[in-house]
Structure formats: C-alpha cells, structure tokens
Amino acid sequence: MSTATERITVGETRRARRAPRETINRKKPLGQRIGRGVLTAIAIIGGLIWLFPTYWMFNYSLLGKDQLASRTPQAGPWPPTLSHYADILKSDSFWSALRMSLLIAVLTVIVALLFAFFSALAISRFRFRGRRILIVAVLVIQMVPAEALFISQYRMLDTWHLLNSVIGMTILYVGASLPFTVWMLKGFVDGVPVELEEAAMIDGCSRMGAFFRVTFPLLGSGLVASGIFAFLAAWNEYTLALVMLTKNSSRTLPLWLSAFTGGGPDQQTDWGLIMAGATLMAIPVIILFAFVQGRMATGLVGGAVKG
Amino acid sequence: MTTSEMVRRKPKRSKLPFLLVLPAVAIILLSMGYPLVNQLLQSFQKFGLAQQFGQPPEFVWFQNYFEVFTTADFWIAFLRSAIFCAVCASITMALGMGGAVLLTKIPRPVAVFVQIALLLAWAMPVLSSLQSFQLMFSTRAGIVPWFTSLFDADSANLNWLSHPLTFFTVAGLQVIWMSVPLVVFMLYASITQIDESMLEAAQLDGATGWQRFRSIIMPSIAPVLLLVSLLEVIWDIRVFTQIFVLQASSGISDQTDVLGTYIYRRGIMSSDYGVASAASVVMLIVSLALTWRYIRQFMKNEEEA
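If you read the protein sequences in the order shown, they are chains D and X. For what it's worth, my numbering labels the leading residue of the first sequence as 1, then goes sequentially. For what it's worth, my numbering labels the leading residue of the second sequence as 1, then goes sequentially.
Treat the hints with care, since some could be wrong.
[Unchecked claim] Derived contacts from chain X toward chain D, CB cut-off under 7 Å, selection only:
#1 P35
#2 V110
#3 S128
#4 S132
It is worth saying that the hints were derived from the structure and are not from the lab. All residues carry an ideal CB built from backbone N, CA and C; glycine is no exception.
Isolated chain D, as found in the complex (with noise of 0.2 Å):
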C-alpha cells in the first residue's frame, strides 16, 4: 500500500504516459474531444465547488458591517477589511485557547516523538517476542473511536485531578498519536541502513549511542513529517478537548471556535468575526499541510487523523 500512496503529489502524473497520450489525440474524432471538453467542464465546476466553503469563509472574514448586514450574498470582500482579525487578536479568550493548544500540540508531539522513536527502533531492529502482537495492538488501538472511550478517560482525569489541565490532555493526545507515529517512523528507520549503527559500534558507539548518533539525525525528513501530524492531530482534535476541558479558561482552539455560535438561534450572530477566527485556526494547519501533503494519503490511512 505504500507504493501506491506516496506517489500522490499534486501534479505528478507518470511522465511515460504523456507522449503515447498525444499521439492518439491526434488522432481523436470530433466526438470524442467533445467529450473531454464535458469532462473538463464537470471538473472545473467541481473544482469551484469544493473551494467554495474555504473561499466563503476567508471572504466573509473581510467583509465590513454594512456587507455583512445584506441579505444578498456578498460574492466579494471589497472594500476589505482587517476588524475582524484585529477585534480577535485583542480579545483574551482567543490568546487563552491559542497558548492551550500550542502547548497541548507542541508537548504532544515531543513526548510521541520520542516514544515513538524507540518504539521504531524495537520493531524495525529486533526479532523480539511479542514484536507480531504489538504491531496488530498498534493497529487495532488507533481504530478505537474516541467516542467508546471518552466516559472513563472523563472518570480517570476526574480522579487524578487531570481535568482542564494540559497535562492530562497530553496523555490523552500521546496515547491517540503513538500508533501512528510508531507506525510511520517505522518506515523510516527500515531505510537507515543497518550498518551504518553496526560501523558506529565498532569505532566505539554503545547500542544506544549509535541510535541516537547515527539513525536519529538521519530520520530528519520522518521525524518531522510524524511531528506534523501528531501536531494536526492535537491541534484539530474536538471531542476528547470537549469532554476533558470543561473550563472557560482551559479551552482549546476548537472549542473557542465552536462556542462562537452557541448562543442560540434568534441570536444576532457576527459572521465577520467567526470567520476570522476560522481562517486563524486554518492558517498554520494550511502551511503545515503544504509540507506533508504528499504523505498525508499514508498517514491518514494509518489513522493519523481521526474523523
């Protein structure tokens, strides 16, 4: 399966197809370049269409009070304006849910990066008892939803004192990203050759030296691929975040976005403002995405992200 995912790049078709392409184009009758000139339209309507949530959201994040107060859809944001993303940056809630997650994300994905390091180099190095066993658990464990689990994790935080604390919610998250770090770096120390560690041990490494010495550094390009998911992951994640941190001043960047509405239905509610605070959310998750994007076929079928 992993030949047939990490070639996804946006762009990339096989080069060797293009040339015997042409030649039978040339060739093609009226109807059939008809055809094509249909299946390109459905294409670019399609394409509009699955922009179109992202474009309205950035859209209405820059539209002014009068705009907004139209009952005509407003197909573009002119004049622009930037109040929205300057009432959110002065509010308080938004730096306090913005610290939580980057902290929760950021110890997150040193904590599964380092556990999931030993663990690749268990899996990818020894024959060890068990070793079969783990990696079915492995697999098994990131298909559990959260969902047939959140009652007692709420019951164990609640007995350790763990809830709205970003430690507890570390736990959570660690526990959630290590198969699927374990999973993805295991691929990656499988291409480090072997004796490159056993050339270290003889000029003098320890065992754990040479790991650390040798293959850590070489992971380079995996370890931050598996950081950025467990980071997304952390980042995004709702339904643990919702049931563990029940406090105001505890939220998380998903929770702070989503209260934005529950004021009710008769509730004049301010789009411009929601949709600012939206495009914030999704500005770092876009750049990070751009870095993994060909990857991420692998990685979300690992588990990576969760519904």
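Chain D is already provided as a structure; the job is to place chain X on it using the hints.
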C-alpha cells in the same frame, strides 16, 4: 535481512527491545488500556443518586446492557448513525471514484487545479469548515437559502438546522466535502499505477471505455478501494463533532442524536456512567468488528508491498 543476521550473530536474548517499547506501551496502557478495563467494569455498575454522594457503585450485572437494549432512544440513535454512515460513505465513494477517473481524462492544468482545490478542502480544520457551512446555510445571511429563494420564495426563511432531515443534510454535506479528497487521491494514485499498455491494448482490441473500466481498472484498484471504503465506514459511523456542533445552534438535539452524542449526553451531562459505559462498549464492539476486516486487509497489503 540484515536485522535477522544481527540476531543470529547474537543468540543471547537482549532486553533492549523491551526497554525501547516500554515508554510507548506504558503511556498507551495508561491513556487507553486502563480506561478500557474501567469502562468494562463500569458497564456492570449502577451510578445513581447515592453514588453522587460518595457511595461506591453497586454491581448490577447486565442491568445496564438490558437498559441500553430496551431503550428506544439508543436504538434510534444507533439507526441514525447507521443510516447517516451508509448515505455519506456511499456518496463519498461514488464521488471519489468519479473524481479519480475524471482526473485521468482532463488536461493537465485543469487536473492540477482540481487537485489543489481538493487538497485545500482536505487541509481545512473540521471546526473552520463547519463554521463556514453554518454560514452558508444560515437563515439570515446564508447563500444557500438565498439561492433556493430564487426558485421558491418561501424557502428563504427555512431554518435548515431545525428540521432533522435538513439538519442531517447540512452535516452530511460537510462530512462528504471533507472526505472526498482522500478517496480521490488514493484511487487516483492506484489508477495511475496501472500499466498504460494494458489499457491501450484493450482499446486497440475494441474495448469500450466502460469495458476497460470494468475489466482492467476496477480489478487493479480493488484492494485500495476496499481499504478506503472500510475507512470511510469506520469514520462515518462514529460521527460526533459535526452533529454536536450543529446541535448547539439547532435546538433539536433530542431529534438528532447519533451514537456518540447519545453517549455524551447520557454519560457526561447526566452522569449516568453505567448505562453510558454499556452503550460505549456496544459502540466499541461495532467499531472493532468493522476494523477487523480493515486490519486483515492492511496486513495483507503490507505483506504484498
């Protein structure tokens, strides 16, 4: 190969691999293993008023399960999840399949444009796009009610979120919108791996487009297709975020609960841990039953790769 050589060279059993997996295993046991065991225990216990005043919970055997299975609310929520999942997963798969085939038939610049559009939709955080969908369907400012009012003036005042059917339509559209990109990319990747000469040979022999699709493309992408559709089913059956967030603005939570939100309401909001745990165990068993096929498929693909 090289690893097995290393093991052969050192017949003495090393403790190192166990030490290496220890931290990860420990934290998974802590965050998931321990709650799992506790949840099983809780599902046999009763949490009533007395327990809120510090009494230890009472062991009641299968009473909670009995209650879960005889409560209409649970079955209705279960049914809603199942129908929602079936509808969303099949539409997602159909659109994804269509999109993947389409990508192979259109000029390159258009294909790149479509891929960027899909990628952007894929990257959007759920909460961000969910808010955008709420805006699009909102009664006062939404573009969808405005659009439908061009054909039917009354529909301008329809509140999409306050009727179960339209509520699930909004939730379903968001779920489909965010799920299609993965399906397109996975299927497109496996279609481009098909040997081009095979398709050309079939074309020269007079096979129509549909015949080529059925007899060459479908069998070649079958393993990936099965894997992706299983994933879609597993993800859609446990839909929570979309339903819960939309419920907050709809005011008809009782008519729109799915499995996840039912458990949340029963357990977290009403502190009825026993019954909620029993319902969770049922959900867990359903998910694992579905997952089992996924894991077998996954292992098979790994061995082939």
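Consistency of the hints with the structure:
For X/P35, the interface hint holds, the least distance from its beta-carbon to any beta-carbon of chain D being 4 Å, beneath 7 Å. Hint on X/V110 holds. Least Cβ distance to chain D is approximately 5 Å, under the 7 Å limit. At a threshold of 7 Å, the smallest CB-CB gap from X/S128 to chain D is about 4 Å, leaving the interface hint in force. Taken as an interface hint, X/S132 checks out: its beta carbon lies about 4 Å from the nearest beta carbon of chain D, inside 7 Å.
Of the hints listed earlier, there is not a single one the structure fails to meet.
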